[in-house]
Every structure is written in C-alpha cells, then in structure tokens.
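From first to last, the protein sequence lines stand for chains A, B and C. According to the working numbering, the stretch in the first sequence is residues 1 to 520, in order. According to the working numbering, the stretch in the second sequence is residues 1 to 344, in order. According to the working numbering, the stretch in the third sequence is residues 1 to 294, in order.
Where hints are given, some of them may not hold.
To be verified - With a cut-off of at most 25 Å between alpha-carbon atoms, the simulated SDA-like pairs for lysine to any residue come out as follows:
hint	chain 1	residue 1	chain 2	residue 2
1	A	Lys174	A	Leu155
2	A	Lys464	A	Arg497
3	A	Lys231	A	Ser510
4	A	Lys174	C	Glu177
5	B	Lys257	C	Gln256
6	B	Lys257	B	Pro102
7	B	Lys161	C	Gly180
8	B	Lys161	C	Glu177
9	A	Lys276	A	Leu334
10	A	Lys198	A	Arg229
11	B	Lys257	B	Gly183
12	A	Lys174	C	Gln256
13	A	Lys174	A	Thr70
14	A	Lys231	A	Arg443
15	A	Lys198	A	Leu334
Hints listed in this document are in silico derivations from the structure and should not be mistaken for laboratory results.
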Amino acid sequence: MPGLESVENETRARVLLKDIEKRFGATRALDCASLALFAGRVHAIVGENGAGKSTLLKIAGGVIPTDRGTVEVLGSELRVPRGSTGPREAIRRGVAMVHQHFMLVPTLTGLENLALGEEPTRFALLDLAPLAAEIERLARSLSLEVPLDVPVARLSIGERQRLELLRALRHAPKVLVLDEPTAVLAPTEARAVLTLAKELASRGVAVALVTHHLDEVVEFADEVTVLRRGKVVAHHPVGDAAGRDVRRLAREAVGEEPESVARAATPAGAVRLRVKNLSVHAGEEGAGAPLRAVSFDVAAGEIVGVAGVEGNGQHALELVLAGVLAPASGTVVLDGEELPSHDRAIAERRRRGLAWIPSDRHAHGMAEGLPARDVVVLGALAEVSHRGLVDEAAIDRSFADAVQRLEVRPDDGSLLAGSYSGGNQQKLVVARELRARKDSPLRLVLAAQPTRGVDVRAAAAIRKALVDAAGAGASVLLVSSDLDELRTLCHRILVLRSGAVAATFPADVSVASLGQAMLG
Amino acid sequence: MNARVRTLLLATLLSAIAFELAVLAWGESPGSILAQLFAGTWGTRYGTGQVLFKATSIAIAGAAAQIALRAGLFQIGVDGAIAVSALAVGAIGATLPAGISPFVAWPLLAGVGAAAGAVWTLPIGVLRARFSAHEVISGIMMNKIAAATVGYLLSRGLAEKASVHTSPLPLGARLVRLGVFPGSAANVAVVVAIAIVLGWAWFARRTVFGREVEAIGASESAARATGIGLARRQMQVLALSGAVAGLAALNDVMGYKGYAEEGLSGGVGFTGLAAALLAGRSTAGLLFSALFFATLSQGGLSINARIPMEIVDVVVALVILFVAVAPELDARLGSADERPEERA
Amino acid sequence: MSRLFSLAFLAQVVRIALPYLAASMGGIWSERAGVPNVALEGTILVSALGAVAGTTLTGSPWLGLLIALAAGVLLQIIHALTVLVGRANAIVSGLALNLLASGGTRFLLRALYDSSSNSPAIPGLTSKAGHSLLVATLLDPTTWMVVLVVVGTVVGLDRTRLGLRVRAVGEHPEAAESVGVNVLRTRLFALALAGATAGLAGAWLAFDQRQFSSGMSGGRGFIALATVVIAGWRPLQAALFAVLFGAAEAAQIVLQDQKLVAHQVVQALPYILTLLVLAGWVRRSRPPAALGRT
C-alpha cells in the first residue's frame, strides 16, 4: 500500500484497548473487548445494533471511561475522569473523533460551529475570516468543500459530515475515529468519505471506522474486527481470504444458524394493511432517516417482519403508521379505509383497532411518574370507566391480568412505573396494547422492538401474544433487530435499507442472506 | 407522599429558623414575637376568624392552581380571573331584588362567578392548546388586561355614583358570617373552600378527566401517543381552573365587602399558586399551606408594629425555593457515589 | 391628541422605554442561553432599592448605581444556582425570587427608612432643572447606558465569543460541551449579564423617580419577558417591542386627562397586542431548543 513504507517502523499501536469491560446499568455493553489501531491502517469495526461498536469507539476516542481494562494512547495510558466534559485529554494527544450523531449546533453556521471552543477574536469581536480561510484551504486539499456561512440546519447530511470531518482534521490528528460515517450517506458521498479515510491512512493517520456496509470493509479497510453482543468474535486482516468473505463476515456479526424453530401457520386471510409509496423527508422531527416510497401489504392473520440496521427508516415508518407523524406522501389503508393523519389521528386509529408497541417507550409508551396500574390503562380509560367515573376494580383486574400474562414484577400496581426495571416497563406497555378488547377487535398490531431489553421468559410470552393476535385475525407488523425473533414469528420478512425495501424474504430465509441484505 | 411531607416539615423548620434569625437581627425577641403572632391569629376568636377568612381565598385560588398544575401548567392568570369574576358577581348581584332568598342568590352568583372566571381563562387555554404559547406570559397579560377592564367598567357605570365600587348586594346575596368568630370576616365560604379542595381531590382521582390530565402532566408525548386528546384536555383543565378561580371572589364580594372594587383580590392568586407549589399533589398539603400562609399574613399584621410583616413574604419565598431544590439535594446527599451513567 | 406628536412626547417615549429596553435585553441573554427568566421583575425591584440605599448610604449616586447593578446580579445568580445546580423548575424559582424581592425590598424599606411605602428622596445622576424633557433625557447618563446595552446585546450576541457560546449553549449544550465549552459557566455569565441589565432598569426607575416606592417595578419585568417571547428571542425585535410598550405607556399618560379614549383602554392595548402576537407569530419562531432543559 502506498505510503505505508514510511510508517512501517512504527510497530507500536497508536491506540491500544485491552480487555475492555463497560456496563450501562445492568447491561454489559462490552465484555473483554480488545482493539489496536496502527498508524497508516484503516481498521473497520462491524457488528449488529447493540453489539458495542459505538461504545468501543467512544472509549478509543477518549469520550467515555472504561470500567475495566486498559486504554493506551500513543504509548501512555489515558484516563477519562468521571464527569469530564469532552475528550479534552484525548484531543490534546491527537485523537479526533467524528460521532454518529453530529455535534453541530443547528442554528449556527458551519464556520461558527467550527470556531466554537477556541474562538479567535480581535478587539473583543469575533474574527472568523482567518479561520474561514484556513478551513477553506483544508477543505480544498481534501475535497471536502462545504459552504461555511450557511446555518447547519440548512445543510444536507453529507455537508454536515464534511464539517465534522474538517473539525476533526483541523489539527492534523494522529488518530481519527469515525462512528458510522457512511450510515446515512448516498453511495457517492459514502465512497468519497471512505476514499478520504484511506488517503489519510496513507499519510500515516491511524483510522478506525464503524460501518454496516461490508462491501466497504472489503474495499477500503486494511483489517476488520467483528463484534457481537459486546465481545470480539473475530478479527481478520482484509488481505486474507476470510477478511474478504462478506457472507462469512455477515454470519459472524449476526450469529450462527439457530436450531430449528417453530413456525406460525401460513395465513389465508385477505389483505388488511396496504401501505403505498410512503415517504418521509430526512430530518423530520424525531424520525431520523427518511423513507423513500415504501410499499407493502399485510394480510389478516399475517405477521410481517421488518429487518434492517437501525437508522434506515424503521423509526419513520413506525411513527407514520402510529399516526404520530404525517407522511410527506403516500397512503396507509386499513381494511379499505385510509388512516387519517390529522390532530385526533391517534385516537381515531386506536378506535379502528390499531395497537402500538413503541420502540421508544419513554416518549410514546409510558410515563415514569404514573403508577404502574395506570400505565396499563393509559389512553384506554374509556374501557375501565362508567359514565366518566373510573372503575378502580377494573383497573386492578387489568393490572392483575398483565402481571399474570407477562409476569410483571413487582406486582404492586401502586408503585410508580419509573421504579420498574426496563424489561418490566416494557411488559406493562405490551400488556396494555395487546389486551383483549371488548367490542373492537385488534386489526393492526404495530410492534417495534417489542422484546428489546426483556428477559427470555417474558420475551417468549410477548411473542406468543403477538402470534395469538395474528391468530385472531389481526395484521401484525414486527420491526425488530432480533433476527431469530423475526425468523421464528414472521411469515415474511422485509429488509429496509436506506429508506427503501431492499428485499423481501420468506420465513425460511437463512440468517446469512438476511445479514447480507441488511448490511449490503 | 412521604418525601413531600418530610420536605415540607423540613422547610417549615428552616423557615422558622430564618424567621428567628431575622427577628433577632431586628433586635426583637423571637419568643415574644412568636407569641404575639400567635396571639394575633390563633390566640383569639377574632384572629382565628380572620385567618380562616384569608385561608378561604388562598385555598380556593390554590385549588385553581393545583388543577392546572396537574396537567403541568402554571396558572398565573388566577388573579385576573378573580378580578373579573368579582366585578361580575358584584355588578349582577347589585341588580338582584332586595328580598331575594339566599337559596337563589348564592347558587346564581356562584354560577356567575365561575362562568366569568372560566371565560376569562379561555384565551390562555386557546393560546396554550392551539398555539403552544406558554401560559405564564399569557396569564400575566390576562391579569393586566383584567385590571384595566375592571377599572374601565367601574368608571363607566358599573360603580355606584360617587364611589369606586359597585352597589351593595342585597342581604340575601351575602354570605353568612360565622358568628363563632365575632368581628371577623370569616363566613360560610370556608365551607365552600373545603368543599372545592376535597371535591377536586375526588374529581382528580375518580374521573377519566382527572386521570387523563394526570397522564398529560406526567408525560405529554406519551399521553398524546396513546390517544389522549391533548389540546382538548388542556383547554378543559384551564377552563375548570378559571371557574374555580372565579369562585374565590365570592369570599370577598359576598362574604366580606358586599360589593366589588378594584384590587379586591390583592394578589391572592399568586399566594394560591405558591400554596399549590408547596403542596404538590397533596390535598392536606394544600389546606395546610393555605392556613400557613393565612396565618403568616394575619400574624404579620399583628406584629407589624414591631417587625415589618413583609418578613413573612421573605420566609415564604425561601420555603418555596427550598422545596424546589429539595429533590436534587435529596439525590445528591442520598447517593453520593452512584451517578447515573450516560447512555452511549 | 396633538400632544402625541410633539418632541415632548418623543422624549417621554424614549424615557419610558428605557427600563423596558434594559430588562428586555437581560431577558434575551438569559433565555438565549437556555434559562427561562421570570425573575426579571424581582431583579428590577432589588436593584431599584439598591440604587436608593446605595446612594443614601454612600452619598454618591454613582456608587448607588453600582450597588444597584450588584443587587441585580446577586438575585440572578441565586436564580442561576437554584435552576442550574439545584435543578429547580425555572418558573418556580423565578416566581419565588419575585416574591423574595417584593417582600424583601418592603422589609428593607421599613428597616432602613421606617416607611412602608416610600424612601426619602435621593439626588439623581444629573439635574433635570431648567431643561426640556428631551434635553434632560439626552443628558442623562443612564439613557446612554441603556443604548449601550441594547447595541451591546444586538451586536454582542452575534459577534462576540460570549455571544456565540450563549447561542450554542441555548440550542445544543451537548455539542458545546463536546468542544470544551463549559455550559454551566456560560449560563452563569449570561444570567449575571441579565442581572446587570435588569439592574440598570431598576436603577433608572429609582433615579428617575428620585426614590424607592414599594412595588415600583410595576410589572415591567414581566413585560420585558413578553417582549423577548413575542420577538422570537431576537434582540433587535425585542428592543423594538420594548419601545412600543414604552410608547403605549407614554400615550396612556398623555391621554389620561382627555375624555376621548379611556386611559384603561390605552393601558391594556400593549397586553392585548402581546396576546395577539403570541397567537400569530410565535408559532413561526421557535424558542432556543435547550430552553428550560437543564
């Protein structure tokens, strides 16, 4: 590789992570993970959602401290004190990181954002012209031109990333850490960034990058580390055959074929849900990545899965189907009637038989300040009341039902929901949404990450509840990052990538095929 | 509830200490000041009556604030609602026939007062529900407009000739004074206040309306996402709050003065809000806070010759501040080592 | 009516708008940094008393002015600490501090001057004798201080280091944090500025009326906050609205004696206008994204 000869002498790693262990509350994000970044090499890190990639990168970038293990930067240990503001020490030593979620203030211009923190002044007023000139020179030399006097909110994602790159590269870092730089970029933009990464490596920078696109790994990286559930399961130099075997990498990231699983019976019902040309613009409030003209059908009694790496449009799809977000274009038709998207849309959809298990239960599913028994009837008080008066006994019954069906612990409904563990909070929400309703049957169940953070027994109970709902005739749309779950429960699986349906598979699809469709 | 009660007690203790220190600094003896304060309030029947009279207005205003707080809204507009309601009750009451029976006059004027208060609070509700405009600003504006409106209407004919207040109410429209507290302004409105506070407590717990409002106060986004009509409930809550605020005017107009004039409420709306903030969700807390503030207010009058009664306001303000930072103090002192990890 | 179109009226407008302008700019600094500020009212009160007490105690109006500013800063720092460190609700803290200010100033009024309504008279910063209102206003140093504050805010928010950091911290504190900006310190500074500028408003009131009287802030702090909100948190527009309120108040005074329009109508006009603007215009301009989120 060009340029490597000059750094061949540097056999010491620029960044060395050894036996890293990191917990967030009860979850173990990283378990005995190790990583070494060398000068002049592009090191790719791949894995599914929740595998720990971002966490590992943030530790390497000096942003968060590790619980156990050693972090060495340029030969000496790096300690990140608790509650430190920003990775100052790491930056000082020449480690620059570009985050997945940009650290740019939307109302300030690109130039102002880059000036923030070390603002140059003349006679007490900001003097940004020299900075602008410097940045423009740097941008030209790296082909990263971007308008600097436009508020960041008006820049495209690709342009914003250029700003982040310019900020990172301004002080000629020795280590550059990129967290999912290409996740939300169009193909040409992605290639440009990766080419830049390779170019920087050839100039001696140690580059680490997290990506979901395995073809990128093969083309641009020098070595690849595969993470799964917090552990390093594989590490290959890309020069090797193993490093270039995309299917093998996908399987390593996503897991081996599990034992045979029970399948739900094939449905014979008519089409219930018809989604046509649904589009959502990028940057829509809270929705994240856009949707591009998505169309699909779900029949009565059918469970359709939506697979995909987070950030490819699933959240927008969820919000539109739930009625929280109005689409830019397209229609959603349930049982022949188009679903409304006006002010009272959500209540109207529920009246028509929609149940929603939200992916963000804190924003959309429950309130921590309410007692658990109230969460079980949130929004459904009409069913547990007579003429405006609440029927406490009915609420107690609903709560008891939830406790029994999904084993909610603790079983004291007067305790605040916020005191319950995450998994039990989820059970409360699921119990509410999938309850037996008098008079109005469930027609559409929208389940987004329903078993995330839930223990095995409860997950099984939730899945059974979903299967039962389908059995009673409802259409079920299951968005999940658990491929085993999708393959067990669904009759069909759609794969979302870059906001569009990249592939549709039957239930007996292999994990490797799924992984490849998801990861590209 | 436990934490809240603990905080309130601690706050009362601290306020007592602050009060002592201020008295000492002033050069008076804390013991005798407190004794005089007690003598001027709970020590005599007249004093007790005055405390109850003041507590009545504060409690009703506090209930109005508590209603809105349940939905997470700060009802500063109570003062304006009271002012407008007082004028309406005074003006319409003055037109009632002289021999009218209380059984007709009281419900009628209560209805007038509640309606006036609700109507006056409507703009705040619309601005919040429809336009997401913060209710603090619109509440302050409505208060100012109310003061101007009341002054204008009084000067333009609603007032009695050669006076600045409305004509007196007929006897039947006046609330009966409580004879057990001779000379004081305490009247049957006390019963109304208790009924309202307890009534709201019941209503908030037992009705779908109250529970949905509670959900909104707990999480607006989750309430909306589960189908609760956010805008509709916010408007209803503010209308109800305004109606209750309007009832607070009855105490002064029908129970004390017998007419309406400018500045009648004297800022009781804000005191009520302060009481509601101290009380949190607690019904007993609201009644206690109302009595507490009324005692301080009346007691302040009796010690005013020796130490400025405004010391009371200072103490109350410190109590509110303390209660406001108490949860954080609790968190820091309670778990000094555990710090929630940031989610990556 | 002809009295409305005279130089004297213009002078009145400028005069009366000054405290609104000063307090409004204070509100801008605070809210743009992400801290809601209902305590402007109380700040004006304590600084007004500070001006009077400072002048009577030191014998120098200029020292009195300094003490006024210090008093304002002190109150706002308490607000900052309560909200930013104590994590109290900003509205609650603001309201409590207003109560503290109103009670505290009346208490001190009694303590210092043994009166429950007014302090004794103090000399102003300049003498008004013999000049027309317009000239007197132009000669008054506080007039120019307020002008400086307005210009300083409009320019400073946009073009100084502090202004940039304030804007960043009020919109996206995490991003600011990630580049090494101390969010807490920036907000403290912004609130101190708010204290000084609102303090200037209080000082102006005290020197204009040559005394302190109970409750003399008269709701100006709330109006100042309203100007910030209806201006969409933009300093120049907030200043314009402040002048508008000043004009309305001046008109009310002038029209008080004549029979054509009741003075209460004129009095209420600015508040009605604020409500209409809240309904129509605030929709389109969002508050700083991190406002109220500490």
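Is it true that the CA of Lys464/A sits at most 25 Å from the CA of Arg497/A?
violated (28 Å)
Tell me if the straight-line CA distance from Lys257/B to Pro102/B falls inside 25 Å.
OK: Lys257/B and Pro102/B at ~17 Å, within 25 Å.
Distance restraint between Lys174/A and Leu155/A, which requires alpha-carbon spacing of 25 Å or less:
violated (28 Å)
Could you grab the alpha-carbon distance between Lys231/A and Ser510/A and see if it respects the 25 Å cut-off?
holds (23 Å)
Hinted pair, alpha-carbon criterion (25 Å max): Lys276/A, Leu334/A. Please report holds or violated.
Cα-Cα ~12 Å, so holds.
Straight-line alpha-carbon gap Lys174/A to Thr70/A, limit 25 Å:
Given pair Lys174/A, Thr70/A holds - Cα atoms ~20 Å apart, limit 25 Å.
Hey, Lys161/B versus Gly180/C, does the alpha-carbon distance stay inside 25 Å?
Cα-Cα ~69 Å, so violated.
Check whether the Cα positions of Lys198/A and Leu334/A lie no farther apart than 25 Å.
Since the Cα atoms of Lys198/A and Leu334/A sit roughly 49 Å apart, the hinted pair is violated (cutoff 25 Å).
Regarding the pair Lys257/B and Gly183/B, is the alpha-carbon distance no greater than 25 Å?
Holds, at roughly 13 Å.
Keeping to a limit of 25 Å between CA atoms, is the pair of Lys174/A and Glu177/C held or broken?
Holds, at roughly 22 Å.
Given the hinted pair Lys174/A and Gln256/C, is their alpha-carbon gap at most 25 Å?
violated (74 Å)
What's the verdict on Lys231/A and Arg443/A, does the C-alpha distance respect the 25 Å limit or exceed it?
violated (41 Å)
Violated hints, in rising order: 1, 2, 5, 7, 8, 10, 12, 14, 15; the structure is consistent with all others.
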